[in-house]
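Below are the chains, spelled out letter by letter.
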Amino acid sequence: MSRGLWERLSPRLLPIAVVLAIAIWLIESGLASDLLWFQEDIIYLGWQHLALVAWGGGLAILTAVPAGALLSRPALRRWSELLLQVFNLGSTIPTLAILALSMTFLGIGTLPAVFGLWAITLLPIVRNTYSGLRAVPSHLVEAARGMGMTSWQVFWKVELPNALFVIIGGIRTALAVCVGTAPLAFLIGAGGLGELIFTGIALNDIAMMLAGAIPTAVIAVLTDFVVGKIQYYAVPRGINPVRS
Amino acid sequence: MIELDRLTKIFEGPQGEVPAVCEVSLRVPAGEICVFLGPSGCGKTTTLKMINRLIEPTSGSVFLNGEDTGKVNPITLRRSIGYVIQQIGLFPNKTVGENICVVPDLLGWDRRRARARAAELLEMVGLAPDSFMDRFPNELSGGQQQRVGVVRALAADPPVMLMDEPFGAIDPINRAGIQDEFLRMQERLKKTIILVSHDLDEAIKMADRIAIFRSGKLQQYATPSDLLAEPANEFVQDFLGSDRALKRLSVISVASAMLRDVVTVSPEDPVANLEARSKHPGREVAVCLDDAGRPIGMVKDLQLVPSEGPVKAHMQAAEPVVQAGDDLRTAVSSMLAQGTSLAICADEAGRFVGLLTWREVVAAVSGREASI
Numbered sequence: 001m002s003r004g005l006w007e008r009l010s011p012r013l014l015p016i017a018v019v020l021a022i023a024i025w026l027i028e029s030g031l032a033s034d035l036l037w038f039q040e041d042i043i044y045l046g047w048q049h050l051a052l053v054a055w056g057g058g059l060a061i062l063t064a065v066p067a068g069a070l071l072s073r074p075a076l077r078r079w080s081e082l083l084l085q086v087f088n089l090g091s092t093i094p095t096l097a098i099l100a101l102s103m104t105f106l107g108i109g110t111l112p113a114v115f116g117l118w119a120i121t122l123l124p125i126v127r128n129t130y131s132g133l134r135a136v137p138s139h140l141v142e143a144a145r146g147m148g149m150t151s152w153q154v155f156w157k158v159e160l161p162n163a164l165f166v167i168i169g170g171i172r173t174a175l176a177v178c179v180g181t182a183p184l185a186f187l188i189g190a191g192g193l194g195e196l197i198f199t200g201i202a203l204n205d206i207a208m209m210l211a212g213a214i215p216t217a218v219i220a221v222l223t224d225f226v227v228g229k230i231q232y233y234a235v236p237r238g239i240n241p242v243r244s
Numbered sequence: 001m002i003e004l005d006r007l008t009k010i011f012e013g014p015q016g017e018v019p020a021v022c023e024v025s026l027r028v029p030a031g032e033i034c035v036f037l038g039p040s041g042c043g044k045t046t047t048l049k050m051i052n053r054l055i056e057p058t059s060g061s062v063f064l065n066g067e068d069t070g071k072v073n074p075i076t077l078r079r080s081i082g083y084v085i086q087q088i089g090l091f092p093n094k095t096v097g098e099n100i101c102v103v104p105d106l107l108g109w110d111r112r113r114a115r116a117r118a119a120e121l122l123e124m125v126g127l128a129p130d131s132f133m134d135r136f137p138n139e140l141s142g143g144q145q146q147r148v149g150v151v152r153a154l155a156a157d158p159p160v161m162l163m164d165e166p167f168g169a170i171d172p173i174n175r176a177g178i179q180d181e182f183l184r185m186q187e188r189l190k191k192t193i194i195l196v197s198h199d200l201d202e203a204i205k206m207a208d209r210i211a212i213f214r215s216g217k218l219q220q221y222a223t224p225s226d227l228l229a230e231p232a233n234e235f236v237q238d239f240l241g242s243d244r245a246l247k248r249l250s251v252i253s254v255a256s257a258m259l260r261d262v263v264t265v266s267p268e269d270p271v272a273n274l275e276a277r278s279k280h281p282g283r284e285v286a287v288c289l290d291d292a293g294r295p296i297g298m299v300k301d302l303q304l305v306p307s308e309g310p311v312k313a314h315m316q317a318a319e320p321v322v323q324a325g326d327d328l329r330t331a332v333s334s335m336l337a338q339g340t341s342l343a344i345c346a347d348e349a350g351r352f353v354g355l356l357t358w359r360e361v362v363a364a365v366s367g368r369e370a371s372i
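Residue numbers (our numbering), protein chains in the order written: chain A, 1 to 244; chain B, 1 to 372.
Hints were generated in silico from the structure; no laboratory data involved. Note that the structure is predicted; figures quoted are calculated from it, not measured. We put the beta carbon where it would ideally sit given N, CA and C, even for glycine. Hints may contain errors.
[Unchecked claim] Result set (BS3-like, lysine-lysine): computed pairs, CA atoms no more than 27 Å apart in a straight line: (1) B/217 with B/71; (2) B/247 with B/205; (3) A/157 with B/94; (4) B/191 with B/205; (5) B/94 with A/229; (6) B/94 with B/71.
[To be verified] Facing chain A, according to a computed beta carbon distance under 8 Å, are these residues of chain B, among others: (7) 79; (8) 89; (9) 133; (10) 137; (11) 138; (12) 140; (13) 239.
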């Protein structure tokens, strides 16, 4: 095979080869049939899991991007570092502690779980939005103002588009964290694939554990893939480092 | 037409007030380029930014075509003024076409009209619309980006343009070419332009009038030629440098300095014609012209020419030849390069129009008769 062809195919061949290897191992060791036994649970809990991520992550995006944008404004420059430290503090609190706290105040079920996931998913998005907007070169803002754009127009037409790649990058990281943390929602009664994982641990049933863990991993990879594609297509060629 | 009336800006600093611009008053006639010149921190950029109210004046007014800019909405004001900054500031998230159409879009122009205008402007600066309209700024060279930046400021056809060191980011090799291109464009468009610069040579080349600033105060406001001939004070004198007489060479045209009253003959004429027509003592040169009036030779040192035979037997090559439209700096450079003490001046069609010797050069620069 020529060098050029190998270089183009190998990034795609490698993951496929790994997945094939895992699949073959699963089938050979008999685990595959055990996993399929949990099919219905996987589908039901998988949807629950996705709903938790969608609510928690979606609300996080809707609140964190405006929050990060506000913090980046020149008027708030003196307060922005301080407020970011508050957000940082939030991220040092262990996830389980956050879920326990939300359970204390909000009871058990979906609401505290979504609240906890929201709190956890916030920080990467706020940080990236803030630094992405701050990193927009000031001479672009000066040129925009000098040409007669209002402050709103400068934000929407110049600052936000130029920060978009970094902001979506933050969303990508945050959603990965969200998907990975969502299994813990089972512990406060919100269901999700965590049910299979934790029950599997308690019963020492490897098939059950994997029935929960593998779909979680697949959802994480798919989420990252989809957001990555959004990042690729939504950011114009002129400022998109991964698009030539 | 731009008029500044006692424009002042005082900044509030931690140690008290910082006066940046003090009572600057001047008037730029319509269609002219005025260069704000001065060392770093002299207030020239602050003054510029007070014209489009990116910085609000502490006191004083700015009048654009008679209208007080302080009474107009600043956003509307800025959309009617072309603004170019040193870093150019092309938006990397927009294509070249979208960049140029920014102000037309803000003004609500029809899409097709805006795009047609963008194509027309790209043609004007030599960038083929088909290949450049949909490119992104990061796909352009520095010189191309600068051209698009200037053209973007012209998109809505504003009568006034403000430029803050627009050629500063271009390498010196390309800068002269782009400055020339800009001057040619200005010939056609006749915009009223204020250009901030810290480069004296650029100011002399580009300006119809130069305003020299120092510590926020206007020191002198004059044409380049007058400025170089008569600096108003010691600061201006020092700023212009000890070679300002040489710099004056580039603002005086050959046509205004040359000697027009010169003996001309045709090569077949007898030498006797030369004696009869010799007019100027000390400049004994006769120029031989062909039927079309073009110089084909010259005869120097008329007293030493024998008194018989046709002129062409005693003819030398007519070199160097300079254009009447060139400046003295180019002409003197040719004379020095060829090691001669005179140059023959021709018009664009190549016809003889005059003679340039060191005496004419000194007289033109110093304004006095030279005792050579």
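Going down the list of hints, with the structure as the test:
1. Taken as a hint, the residue 217 of chain B and residue 71 of chain B pair is honoured in the structure, with Cα atoms around 25 Å apart against an allowance of 27 Å.
2. With a C-alpha separation of about 10 Å, the suggested pairing of residue 247 of chain B with residue 205 of chain B holds against the 27 Å cut-off.
3. About 9 Å separates the Cα atoms of residue 157 of chain A and residue 94 of chain B, which keeps this hinted pair within 27 Å; it holds.
4. About 17 Å separates the Cα atoms of residue 191 of chain B and residue 205 of chain B, which keeps this hinted pair within 27 Å; it holds.
5. Of the pairs offered as hints, the one joining residue 94 of chain B and residue 229 of chain A holds, with about 20 Å between alpha carbons and a cut-off of 27 Å not exceeded.
6. Taking the CA atoms of residue 94 of chain B and residue 71 of chain B, the gap is near 33 Å; set against the 27 Å cutoff, the hint is violated.
7. Nearest Cβ of chain A to the Cβ of residue 79 of chain B: about 3 Å, under the 8 Å cut. The hint holds.
8. This hint holds: residue 89 of chain B has a C-beta 3 Å from the nearest C-beta of chain A, less than the 8 Å allowed.
9. Proximity of residue 133 of chain B to chain A is violated relative to the hint, the smallest CB-CB distance being about 13 Å (cut-off 8 Å).
10. Evaluation of the residue 137 of chain B hint against chain A yields a held restraint, the C-beta minimum of about 6 Å falling below 8 Å.
11. Given the 8 Å rule on beta carbons, the hint for residue 138 of chain B holds: about 6 Å separates it from the nearest Cβ of chain A.
12. Hint on residue 140 of chain B is violated. Least Cβ distance to chain A is approximately 10 Å, over the 8 Å limit.
13. The closest approach between the C-beta of residue 239 of chain B and any C-beta of chain A is roughly 28 Å, which is over the 8 Å cut-off, so the hint fails.
Taken one by one, the earlier hints fail for this structure at numbers 6, 9, 12, 13, listed in ascending order.
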